Every structure is written in C-alpha cells, then in structure tokens.
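*Asks:* Using the sequences plus the hints, can you model the full thing?
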Amino acid sequence: MNPWLFGFDDFDPGDEGRREALCTLGNGYFATRGAAPESRADGVHYPGTYVAGCYNRLTTTVAGHDVENESLVNMPNWLLLTFRIDGGSWFDLAHVEVLDHDQELDLERGILVRRLRFRDGQARTTRVVQRRFVHMSRPHFAGLETTLVTEDWSGTITFRCGVDGRVTNCGVTRYRDLEGRHLVDYQTSEVAPNITVLHAQTSQSHIRVAEAARFRVFVGGELVDVDQSLVRQDDLIAHDLALDVEQQAEVRVEKIVSLHTSLDRASTEPVTEAVNDVQEAAGFDDLTRSHSLAWTRLHHGFHYGLSMSDGAQEAVNLHLFHLLQTVSPNTADLDAGVPARGLHGEAYRGHVFWDELFVLPTLNLRMPQLARALLMYRYRRLPQARKAAHDAGFSGAMFPWQSGSNGREESQRLDLNPRSGNWLPDHTHLQRHIGIAIAYNAWHYFQASGDEEFLRDFGAEMILEIARFLSSLTHYDRSRDRYIIRGVVGPDEYHTAYPGRDRPGIDNNAYTNVMTAWLCRTVVHVLRELPDQRRGEVIDALEIRHSEIDRWKRIAQRMFVPFHGNGIISQFEGYDRLAELDWDAYRQRYGDIQRLDRILEAEDDDPNRYQASKQADVLMLFYLLSAEELEEILGRLGYPMPSIPDNIEYYLTRTSHGSTLSAVVHAWVLARGRRHRALEFFDEVLAGDIHDTQHGTTAEGIHLAAMAGSIDILQRCFAGIRGPRRRTAPQPAVAHRTRPAGADHPLPRTARSTERMIHHGAPPRSRAAGAHACAGDRLRTGSWPGRVELAAVGLGSRYQPADAAL
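Residues in the sequence shown are numbered from 1 upward in steps of one, following the UniProt record's numbering.
Read the hints as simulated data drawn from the structure, not as lab findings. Since the model is a prediction, treat every value here as computed from it, not as a measurement. Here a beta-carbon is modelled for each residue, glycine too, at the ideal position from N, C-alpha and C. Hints are supplied without guarantee of correctness; some may be wrong.
As the list claims (entries may be wrong) - With a cut-off of at most 20 Å between alpha-carbon atoms, the simulated SDA-like pairs for lysine to any residue come out as follows:
{"#": "1", "residue 1": "K553", "residue 2": "D481"}
{"#": "2", "residue 1": "K387", "residue 2": "E461"}
{"#": "3", "residue 1": "K553", "residue 2": "H475"}
As the list claims (entries may be wrong) - Simulated DEER-style distance windows between Cβ atoms:
{"#": "4", "residue 1": "R636", "residue 2": "R545", "range": "18 to 26 Å"}
{"#": "5", "residue 1": "D477", "residue 2": "D426", "range": "28 to 36 Å"}
{"#": "6", "residue 1": "R672", "residue 2": "W90", "range": "53 to 61 Å"}
*Replies:* Okay, here's the thing in structure tokens:
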C-alpha cells in the first residue's frame, strides 16, 4: 500500500458525494470537487467550484420571515468534457455496463486520475483514462485530460468540451428551500477556433468571474484537426469535436482552463486575463510537471517521517493535502479566512467560524506567513466588529461567530432540523468566545514567529479591542465580589438557554469566563511587548485609560468560575442542576446519537434540559492551556486547581461528540493520562471524513479543523513540538522517554522515529527565524541571522545556523 495514493476501486452512486469531496483538487485560490467531467448536479453527482472569498447574499422567505443568507458561490463548472459514440446519447455511467472503475488521488503530486472501462448497449467496449489538476503555483490554471481507447469498435466519436454556467448552490439538502442562484448576467463567446470563454457576475456582491477553456485533440500522440461546431447558450458554451476512429484507436483531448474574478490583484478584468492565460499556456503535460514540482516544494515544508501504519499514514497525508489545498502559499495575498468545510462543499455556506484555532498551530511552526494572512482577514474586519459591539451596546470589537465577506454576523436566525422538519430559532451567534479564539491565535502566532511588526501594527490593536469588548460584557456582582458574564453560548452548542427561560443564553460559561481572565491578563503582556513609542500611540489611538487597564487586572483576579461536586468545573452556572440523560436508552433506541439535539427536538424535548454536551466545552480549557497555565489563572482568581482527570471523566460520559472537533480535543486532553483512549479518539479523527463518521456530512464538505487538528496532535501533542517565541521544545505526551545510545540527555522516542521540519518566524520580520529538522536522535537547525533556542525534555541550548544538537 502506497500511503500517498488515496482512492476508490468501484463506482457507488450512493457514495459519490463523499468521494467527490475527498477527491477535491484546489490550490488555496480555488478548488473543484472530484465530480465526473460528464456530470451535472443530479442527486448523485455535484460538480462544485469555489473561489476563496467570493461570497454573495440572497434573500428567502422562511416561516413568514425574510431571511438573508450569504454563501460562498458555486462558480461555473469548468469540468465539462464528455463524449458520445455515433451520434448516440452523451456518456452516462447509469446507462452503460461498467466493467471497471477506479479513482486515484495522488497526494504527493496533486493529480486525480479516473480509469473506467464500459460496454454500451451496442456491445461496444471503451476504455477511458482521465487526469486533472488545479495548479498549485499558477493559481488561476486547471487542466483536464481524457484519453479514450476504442477496444473493439470503429465509428465516429464526438467530444463536448466547454464551460457550463448552469449551476446553483444546492449541494446541501437542508438548504434547498433557500434561494441558491447566485450568478447572473451571463456572457459567452468563442475567442478562437479552440478557445471559449464564459463570463458572469454575482447578483448582490457584483463579483465578476470569467472562465476560459482551450482544447487540443491528439490521435496516436499526434495533434490533429477535427470537425467542430459551437454550442452556445446564455449560460453554457462548448465545442463539439467529431472525428472518425478505427478499432484500437487512442484519442486524447486536453483541456486547459483559466479562472479569474474581479477580486484578483494585478488584474485588468476577468475575461481578458482568463483568455490571455489560455492563449499563452503550455500543454497539459508541461503544466502537470510544474504543478507537481510546486507540490514537492510544499510538502518539503510540511514533511513528516512518521512511524505508523500505512492506513494511518494515508489518512494523515490526506488531511495535510486538504489543509494545503485550502490554505496554501496562494492564500497569502488573498483576503480570505478559513471556511469550516474548506473549499470542498457548501455546508455552513462557506462561512468562517473559529476553525483557525485548530489550523494556525500547524501553520505557525511551518509556514507562518499563511498564519499571518489568516489573522489579517480578521484585522481587516476590525471596523465591522467595532460597529457590531457599538450597536449591541458594548465597547471594543465583537467579532461574529460566522463571518463571510465583510465581517458582519452571518449566523442564521432560523435553523432547519431535518429530522423533524421544523425551523427553529438559532442562538449560536451568542458564542462570544470567538473573540477569545482570535486574540489567542494572534498572541500565539506572535510567540511562535516573533513577528514584531504584526504585533506592533495589527495584532496588539485587535487583541486590546477584543479584551475591551469582553470586559464590557462582564458585570461586577457585589454579592459575590466577582465578575460574571451572562447570556452567552459556549462551545457546546446544545445549551443556548435555561429551561423555561425566554431569554437566550446561559450564564458564566466556564470556558468563556476563564479565557476572559486569561485575556485580561495577556493584554498586559501585549502592551509590554510593544516599543515605548508604539505603546503610547496605541493607548492614545484607542483612548485606553488607566481605569480600563485596572479593570482588566481586576477581572483577571476576580472572575467567577462555577464549580460543583468535588472539584468539577461546571460547564456553566446551574449545569449540575440539569437532569441526567439516559444515554444507554437513547443509544439503544437510535444507535447514532451524535446529533442528540435534533433527536430530542423531534421528540418535542429540549437538550437545554440535560447534562448533555455536543462537544468539548470545559475540556477546551485543557486543550488551549497547559496544566501550569490553568493552575496559575485559577490561583490568581483564588480557586484551587481541580483534578484534570476527574473533570475529563465527568464530561467524557456526558458528551455525544456531535462535532468532529470533539474527538480532536478529547485525543489531546487524554494523551497524558489515558493514552490508549487518546489513541482511540485520534483514530476517530483520522476516520472522520474518510469514513464519514458524521453520517452524510462529508459530501457537503470536509471538516477542515479536524483534519488540521490531526496534524497538530502529531506535532504538538504526541511529538511534543511546542513553539514559544524563538524556542522549539519537544515534550511528547504519549511517547516514552528513552536515552539514545551515546546521548548525554534523553530524547523522546517520538523524536527518534519522526522527521519534521519546523520553521521559526517570517524572515523579513523576526530577529531569529529559520527552520529545524528532527531525524533520529539529531536536531538540525538552519536560520536567518540570529540564534535559535532549542529544548528537548528539559535540555535547552542556543545554536547558530547549521549547528547540530544531540
């Protein structure tokens, strides 16, 4: 088994949606699902092409209310390349006898190959091989090649090659009652005998998109002219290419496509750019080579040499592949965030949640310029976050739980329960902890990269404004002599209100409160990191007074944290007074209870009544904070440090794991105490999309944060590679510590069985930046001018570039 090859060896119409998502090809600028080139959206197939940051808004009347939704737009389908024999029907797998069918995704080179052999109704046997790419270093380019062999027949073969604009956003069943036609004002033209172009624009955001396609036909390896005719509709343009073939003939059609939008930089207008691209483009083979070379360079920066089973290695490779297709070097110059489902489908409408909390740790250590780009997406929306806070009666910046084009709150106000068919109020926008995640990401990016320019010019302002918002969300309770936070929703989205209370939100969510105390303490360190002049400028620009800083300090010392029982951190105040759920009864009745909230609502019940969580909530504290950090925070607040194992066990038995992120967090927090259980959860993370453990959701888009989380678990948790500022410290949670022969100090076994490249910082911005590789019992460092500090199991040393450490 080659762990760099992922694929399927049959055709299964009921599973095609999952396969299309997993076989998506992308480059950070755009991505295209692995749908068959001859297919349309028909309930089996769903061709989809999505450009990072291209959103549009549509309004639908739902349950008597006008609801406006913003979505990542499904762009025209550039894959269109089909054929027919002797003037018959266009090829359709459903209407032929499939003799062989397999798909192979080359994770090393970024190429999808489809091989099929079929017999039609006239007993003609045909063999087809198709290859495609979405170019990694030339981000506007994609290519598709179809090679057809006439095994036992001769006749006329006609290919149709073009661009199909007959697309809508209809890839998620529960959204299909909502308006989905985002593209309008189609224009098509034939630019040259072998070049066509389709142009359209989004209806509300007025983003113009153009896709130009060029074809060439080869017979027996020779370029040939063919009889051709133009097929032109308002929203489709193609060439029909006809030629007579003999038995055992090999015909190859190559198609090169360029996609441009009006959001592109250094661009005149999309049609001109797209047409110029395909006019000057190299052939399919040359573009494939340069594309594969770009992937080789990219893999070098994210290389792991891991001792694990081939199946696990394949899953890790697949996860890394999809992470780098969504966030790549091409992302660095885009104004785009991290869509929760990648660029792979339409679930959550392409919105940006808190997923970079799970994505950035890997990027911080390996390609920090990408982490910076994602943080800049947030910074550019700081004015909108300030407006949202002001409109809600708060200070500072209130970032949205769901973000899209301009940073307004995109969370839906009504949510469809597909089990009951009911539209229900959705209060998940009250997850104010999103701001904490953004501040946490910005601070830890700075610590890992040493990017002082970012902190000085962008990060500090953002962190301070988030702290200001959370401070204004906090109220002083005199009876407790504590600060409290009311009316929020925690990471566990099951609890959005107290039973019987009309007002949405719960009080004193422990995760939100503790992390607010962390943030109010961290802002002091942020200000200290700034040069004196810049510190004064920021304080003056934001009009921060000493009284406000004093309030932050008091919150960091007197925030209320709910506890119950024998040292259990309550998920929120009153959680322990909720009813216990009969978990065994529900599992016996329903089997899969991951979406327990939908089950209960369909029974005319309410998850707010029970001690039942969708995903890790309290346990997020143990995920983001070390035991030492948490003990310091709680100690400053005047609380004793609780037993981490007891808290993990308490919530483990009360969690349905209705989110793929739940397995990521549980694998992490169990790694030090219950290693076998941690590995079981890690296996669940690896299996999440490959085996569609959320039952039908992978077809709507991969779960990007969980995929990135699996890489981070290997890097920071199991291997123990942590990255505080200019210091790399292997401190594995799972591996035993052993002493390599001839070594003076013990290194983790993981370090002896893994090889990894860790980058320190962005060269232009940090005083000490570079890269490290760990192979066997040796750490190798290379850096830009300046020293880098390395630490292994308590051993800390400073090294110059190219020094080796045993």
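*Asks:* Please name the hints from earlier in the document that this structure breaks, with their numbers sorted from lowest to highest.
*Replies:* Violated hints: none at all, because every hint is consistent with the structure.
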